[in-house]
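J.: The primary structure of each chain is shown beneath.
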Amino acid sequence: MRIFYLVKKEFIEIFRQKELLTLLFIAPIIQIIILGYIVKTDVENIPIEIINLSKSKTSYRIINRIKNTPLFNVKHISYKNRDSINTLKEGNVKAVITFRDSFDKNRAMLKYPEIQILMDGTDSNTSSIAAGYFNGISKKYILTDIEKMDKKLSIKNKTLIRFNPALKSINYMGPGIVALLLTIVSLFLASASIVREKEQQTMDTLLISRLTSIEIYIGKALPIAIIGIINMSFGISVVMIWFKIPIRGNLFILLISAIIFLYAILSYGLLISTIASTKQQALFFSWFSMITFILLSGLFTPTENIPSNLQFLVKINPLSYLIKIIREIFLKGNGIEYFYKDLLCLSFIAILVISISILNFKRFTSK
Amino acid sequence: MKRIKALIIKETHHILRDPTSLLIVFLMPILMIIIYGYCINFDLNNVNAGIIDLSNGENSKKLIKKFMNNRYFTIEDLKEKHSDPLKEGEKLLRSGYLKEIIIIPADFSKKIEKGRKTEVGIILDGSDSNVANLIYQYNELILLDFQDDFQNLNNFLKIKTKVLFNPDVKSSFFFIPGLIAVLLLMITTLLTSLTISREKESGSIELIFISPLKSFEIILGKTIPYIFVSLIVEVLILLFGKILFNIPFRGNMMVLFVFSILYIITGLSLGILISTIASTQEMAMFATLLTTLLPSIMLSGFIFPLDSLHPILKGFSYIVPATHFLKIIRGVVVKGAEIKHFMFEGIILTIFPVVLITISNIKFSKIRERSK
Chain Y
0 MRIFYLVKKE FIEIFRQKEL LTLLFIAPII QIIILGYIVK TDVENIPIEI INLSKSKTSY
60 RIINRIKNTP LFNVKHISYK NRDSINTLKE GNVKAVITFR DSFDKNRAML KYPEIQILMD
120 GTDSNTSSIA AGYFNGISKK YILTDIEKMD KKLSIKNKTL IRFNPALKSI NYMGPGIVAL
180 LLTIVSLFLA SASIVREKEQ QTMDTLLISR LTSIEIYIGK ALPIAIIGII NMSFGISVVM
240 IWFKIPIRGN LFILLISAII FLYAILSYGL LISTIASTKQ QALFFSWFSM ITFILLSGLF
300 TPTENIPSNL QFLVKINPLS YLIKIIREIF LKGNGIEYFY KDLLCLSFIA ILVISISILN
360 FKRFTSK
Chain L
0 MKRIKALIIK ETHHILRDPT SLLIVFLMPI LMIIIYGYCI NFDLNNVNAG IIDLSNGENS
60 KKLIKKFMNN RYFTIEDLKE KHSDPLKEGE KLLRSGYLKE IIIIPADFSK KIEKGRKTEV
120 GIILDGSDSN VANLIYQYNE LILLDFQDDF QNLNNFLKIK TKVLFNPDVK SSFFFIPGLI
180 AVLLLMITTL LTSLTISREK ESGSIELIFI SPLKSFEIIL GKTIPYIFVS LIVEVLILLF
240 GKILFNIPFR GNMMVLFVFS ILYIITGLSL GILISTIAST QEMAMFATLL TTLLPSIMLS
300 GFIFPLDSLH PILKGFSYIV PATHFLKIIR GVVVKGAEIK HFMFEGIILT IFPVVLITIS
360 NIKFSKIRER SK
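Listed in order, the protein sequences are those of chains Y and L. Using numbering that gives the first Met the number 0, the letters of the first sequence map in sequence onto residues 0 to 366. Using numbering that gives the first Met the number 0, the letters of the second sequence map in sequence onto residues 0 to 371.
Source of the hints: derived by calculation from the structure; they are not laboratory data. In this text, a Cβ means the ideal position worked out from N, Cα and C, and glycines have one as well. Don't take each hint at face value.
[Unchecked claim] DSS-like mimics (lysine-lysine), calculated; alpha carbons at most 25 Å apart, straight line:
| hint | chain 1 | residue 1 | chain 2 | residue 2 |
| --- | --- | --- | --- | --- |
| 1 | L | 4 | L | 61 |
| 2 | Y | 8 | L | 199 |
| 3 | Y | 88 | L | 169 |
| 4 | Y | 155 | L | 116 |
| 5 | Y | 197 | Y | 361 |
| 6 | L | 113 | Y | 139 |
[Stated by the list, open to error] Stretch by stretch, here's where chain L covers chain Y in the computed footprint (C-beta under 8 Å, at least three residues):
| hint | stretch |
| --- | --- |
| 7 | 14-23 |
| 8 | 167-175 |
| 9 | 217-228 |
| 10 | 259-270 |
| 11 | 331-340 |
[Said to hold, decoys possible] Some chain L residues close to chain Y (C-beta under 7 Å, calculated; not the full set):
| hint | residue |
| --- | --- |
| 12 | 82 |
| 13 | 94 |
| 14 | 96 |
| 15 | 161 |
| 16 | 281 |
| 17 | 282 |
| 18 | 289 |
| 19 | 307 |
| 20 | 334 |
| 21 | 340 |
| 22 | 343 |
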């Protein structure tokens with residue numbers, strides 16, 4: 000029961016920082032809402048400039064089609080030739096599309112213009128999508144023309160989209176961002192907690208008390224775990240209620256996985272806190288680890304893209320497992336048979352980190 | 000001036016006294032650019048697609064070949080391996096191994112021969128909407144290309160596409176300069192965010208309060224020493240970025256350097272503002288992370304193109320410092336753009352620190368007033 004008093008003291012210490020608490024609970028929620036509501040990861044509205052030297056009927060028709068797709072945003076149409084390279088350097092448009100009259104006799108028959116596309120390749124992703132899409136638009140246009148001339152051949156692309164039929168990115172990002180919050184909150188609080196006592200020279204007071212080192216460790220970990228769990232449940236409710244993201248799988252398994260993850264990240268934070276000699280060091284280091292965990296977790300970019308000799312960074316990153324499990328449960332509604340391996344790996348990492356952290360703390364207290 | 004100098008000396012001592020922290024500050028960006036530079040990219044490659052060919056004719060084989068020749072797809076024939084290909088395919092789709100299943104109907108080849116309308120069924124994993132969109136686009140292109148072979152559309156219409164600045168369409172040209180911008184902001188903000196809150200925590204802030212220093216002198220004295228630290232960090236990041244990832248520096252390095260000083264000062268002043276408001280170091284750190292990490296990644300054009308953002312968010316992106324520096328660094332490094340292309344960004348990056356420092360000054364004076 001001695002632990003109880005320590006837990007109480009820790010809570011007082013955390014609650015004393017009122018702004019921190021507000022920040023811990025409110026700011027992340029606002030961020031989820033802002034990001035989730037309006038961030039679309041789909042490429043749209045690519046600003047382009049059109050130079051129409053052809054002025055033929057077909058060129059106007061193709062331009063009309065371009066204007067009507069959400070993918071392009073036609074900023075400017077000119078009928079005189081301009082220095083396209085300089086336009087692209089200025090950076091206000093991403094592509095310049097030029098329509099020229101073609102002098103090829105084969106094509107002249109149908110009066111199709113010759114089209115030249117100049118693309119800014121800086122954003123490789125956007126430019127390849129745009130080029131492909133533009134090709135598609137023009138070819139489809141001709142296909143319908145040919146169909147009118149009674150030379151039909153059409154293959155319909157009948158696509159059925161699973162798991163996220165409306166292709167809403169919030170369904171994919173939202174649940175992941177909750178995991179991110181859990182990481183940020185618990186790692187910060189944990190990495191500051193022991194080193195704070197060191198800096199204030201109150202660690203010795205704790206050590207000469209009758210508490211055993213394990214009790215001190217648990218007393219430090221428990222309040223943060225509680226705050227973390229509350230914070231996460233809060234986040235999950237926002238994701239489920241506000242964004243109406245359905246949870247298709249088992250909520251219970253989700254919570255268990257999150258708690259295992261929480262223990263891993265907590266003891267990692269406490270490990271940092273035990274080793275560091277100033278709060279600044281502890282915070283720098285946890286900041287660095289946190290960003291690495293987040294960026295290499297598959298939250299923003301797919302982990303498959305990481306080169307195979309660096310894949311181990313994903314394998315030792317507990318957050319990557321949690322994000323995978325969360326997505327399996329939320330989006331796909333998969334049962335445990337699909338991700339039991341990830342859960343096992345996560346647990347293994349958790350046990351490893353916890354034991355290292357406790358052993359290290361014991362060594363520190365016995366000095 | 001003399002008083003500021005004294006404070007700068009004190010702050011420099013503070014920085015040098017904790018070599019471990021300083022080492023972390025210098026090593027961190029190098030590690031970060033190496034790890035993230037290799038690991039973060041958006042390229043779509045190795046999309047595993049399962050094919051169930053019920054038609055088994057010449058035309059369907061041609062179509063499959065088209066998919067196989069595309070560098071993004073790795074095709075797996077589900078019919079060959081499993082007795083119940085659809086069920087097995089669904090399972091693989093669910094596990095995330097397959098991203099799509101392409102089903103060619105039994106009458107496909109015959110219908111094509113006769114020139115009649117036909118269709119191809121595709122089951123697509125939509126969980127990552129971005130990836131799903133890309134795969135959908137590629138499917139469309141391949142199907143169009145297939146029809147092309149029968150009708151020689153290229154004879155009718157000629158489309159010449161030329162990609163400027165990055166002819167191989169390498170994503171590292173996009174990501175590495177972006178990463179440099181994001182890292183620089185995060186690190187500079189982090190550096191100063193702890194300075195005042197640390198004094199608050201240890202109580203030594205009282206000593207500064209009762210000194211004859213004016214508030215803005217304190218703010219400046221706390222910021223200036225970190226400009227040097229940040230400059231070293233910046234040179235390290237640029238150097239490693241250039242050496243490791245072969246990013247061409249097409250533009251003038253001086254242009255980049257001038258703007259990056261403005262950008263560094265912006266980051267440092269943001270940190271100072273956070274530090275004046277936050278009462279403890281962990282709170283300052285938390286606020287730093289919230290204001291720099293997610294906005295710099297999601298709202299600056301680092302990953303998601305700004306033009307595709309919702310108009311409200313696009314407006315919001317103007318107050319994210321990384322947005323402007325990103326435009327500059329990508330322009331200078333990849334496109335060889337000149338100083339005249341960045342007048343607007345330059346002005347904004349000058350306004351940022353002035354506004355941030357002024358607000359911190361007001362806040363700081365208030366706190367000082369209250370403690371009297």
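J.: Take the hints in turn and mark each one as holding or not.
T.: Do the hints match the structure? See the list:
Between the alpha carbons of residue 4 of chain L and residue 61 of chain L the distance comes to roughly 76 Å, so the proposed pair goes past 25 Å and is violated. About 21 Å separates the Cα atoms of residue 8 of chain Y and residue 199 of chain L, which keeps this hinted pair within 25 Å; it holds. Taking the CA atoms of residue 88 of chain Y and residue 169 of chain L, the gap is near 18 Å; set against the 25 Å cutoff, the hint holds. Proximity of residue 155 of chain Y to residue 116 of chain L is assessed by CA-CA distance (about 8 Å); at most 25 Å being required, the pair is judged to hold.
At most 25 Å may separate the alpha-carbon atoms for a hinted pair to count; residue 197 of chain Y and residue 361 of chain Y meet this at roughly 15 Å. The straight-line distance between the Cα atoms of residue 113 of chain L and residue 139 of chain Y is roughly 21 Å, inside the 25 Å bound, and the hint therefore holds. For the stretch 14-23 of chain Y, the proposed coverage by chain L is satisfied: 5 residues have a C-beta within less than 8 Å of a C-beta in that chain, meeting the threshold of three. For the stretch 167-175 of chain Y, the stated coverage by chain L is satisfied: 4 residues place a CB nearer than 8 Å to a CB of that chain, which reaches the threshold of 3.
Under a criterion of three residues with beta carbons nearer than 8 Å to beta carbons of chain L, the stated coverage of the stretch 217-228 of chain Y fails, only 0 such residues being counted. With a cut-off of 8 Å between beta carbons, the stretch 259-270 of chain Y has 0 residues touching chain L; three or more are needed, and the interface restraint is violated. For the stretch 331-340 of chain Y, the stated coverage by chain L holds: 3 residues have a C-beta nearer than 8 Å to a C-beta of that chain, and at least 3 were required. Using the Cβ-Cβ criterion of 7 Å, the hint placing residue 82 of chain L at the interface with chain Y is not satisfied: the shortest such distance is roughly 21 Å.
Hint status for residue 94 of chain L relative to chain Y: holds, with the closest Cβ pair at about 5 Å, below 7 Å. Residue-level restraint check for residue 96 of chain L is violated (minimum Cβ-Cβ distance to chain Y is 10 Å; threshold 7 Å). Of the supplied interface hints, the one on residue 161 of chain L holds, with its beta-carbon coming within about 6 Å of a beta-carbon of chain Y, less than 7 Å. Hint on residue 281 of chain L holds. Least Cβ distance to chain Y is approximately 4 Å, under the 7 Å limit.
At about 4 Å, the closest approach between the beta carbon of residue 282 of chain L and any beta carbon in chain Y falls short of 7 Å, and the interface hint on this residue holds. With a least beta-carbon distance of about 5 Å to chain Y, the hint placing residue 289 of chain L at the interface is held under the 7 Å criterion. Checking residue 307 of chain L against chain Y: minimum C-beta separation of about 4 Å stays under 7 Å; hint holds. The beta carbon of residue 334 of chain L is positioned within 7 Å of a beta carbon in chain Y (closest approach about 5 Å), and the interface hint is therefore held.
The interface hint given for residue 340 of chain L holds, since its Cβ lies 6 Å from the closest Cβ of chain Y, which is under the 7 Å cut-off. At its closest, the beta carbon of residue 343 of chain L sits 11 Å from a beta carbon of chain Y; the interface hint therefore is violated under the 7 Å criterion.
Figure legend: structure checked against the earlier numbered hints; hints not met, in rising order: 1, 9, 10, 12, 14, 22.
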